[in-house]
Amino acid sequence: MSQFHPGQIVSLDHNNSHLYGEIVQVVEERNLCWVRPLFLEILEDNISEISDLSASKFLVDVRLTSDLLYPIKMFRPALDTEIIPWLNRLETQDYSTENIQQARQQLHQFIFEVWQTYSQQSSNNQDY
1255 MSQFHPGQIV
1265 SLDHNNSHLY
1275 GEIVQVVEER
1285 NLCWVRPLFL
1295 EILEDNISEI
1305 SDLSASKFLV
1315 DVRLTSDLLY
1325 PIKMFRPALD
1335 TEIIPWLNRL
1345 ETQDYSTENI
1355 QQARQQLHQF
1365 IFEVWQTYSQ
1375 QSSNNQDY
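The numbering of the sequence shown is the working numbering, which starts it at 1255 and goes up by one.
It is worth saying that the hints were derived from the structure and are not from the lab. Some clues are possibly wrong.
[What the hints assert, rightly or not] With a Cα cut of at most 20 Å, we get these calculated EDC-like pairs of lysine to aspartate or glutamate: (1) LYS1311 x ASP1267; (2) LYS1327 x GLU1283; (3) LYS1311 x GLU1282; (4) LYS1327 x GLU1298; (5) LYS1311 x ASP1334; (6) LYS1311 x GLU1367; (7) LYS1311 x GLU1295; (8) LYS1311 x GLU1298; (9) LYS1311 x GLU1345; (10) LYS1327 x GLU1282; (11) LYS1327 x ASP1267; (12) LYS1311 x GLU1336; (13) LYS1327 x GLU1276.
Model the full assembly from the supplied sequences, consistent with the hints where possible.
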């Protein structure tokens, strides 16, 4: 049985960025999660502590982008203290065509970097 369930908020972490999304479905027989992205949190390069709310961060609303189907092991449960401060900011986002396109590009870049790392670690038989 999976540690995740539909409706749960999870995080896909890579370097100083964190993609938060909602579990739509867990495909246990294939060890995959169907995740609907919510927002991408980008920390400055020199910041390593995600719980530091005063740290300089950049929030990208990715709710109007594509869903993801990724290995379960790439996700971790998100803490309420991580996401609650950002939820209010999501409601004030500008949904212009330009901003939506920019969010798609930033999500694409994040996913590209994640898969590069995941592929390299898989070929070296390391866990993500």
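Are any of the numbered hints broken by this structure? If so, which, sorted upward?
3, 4
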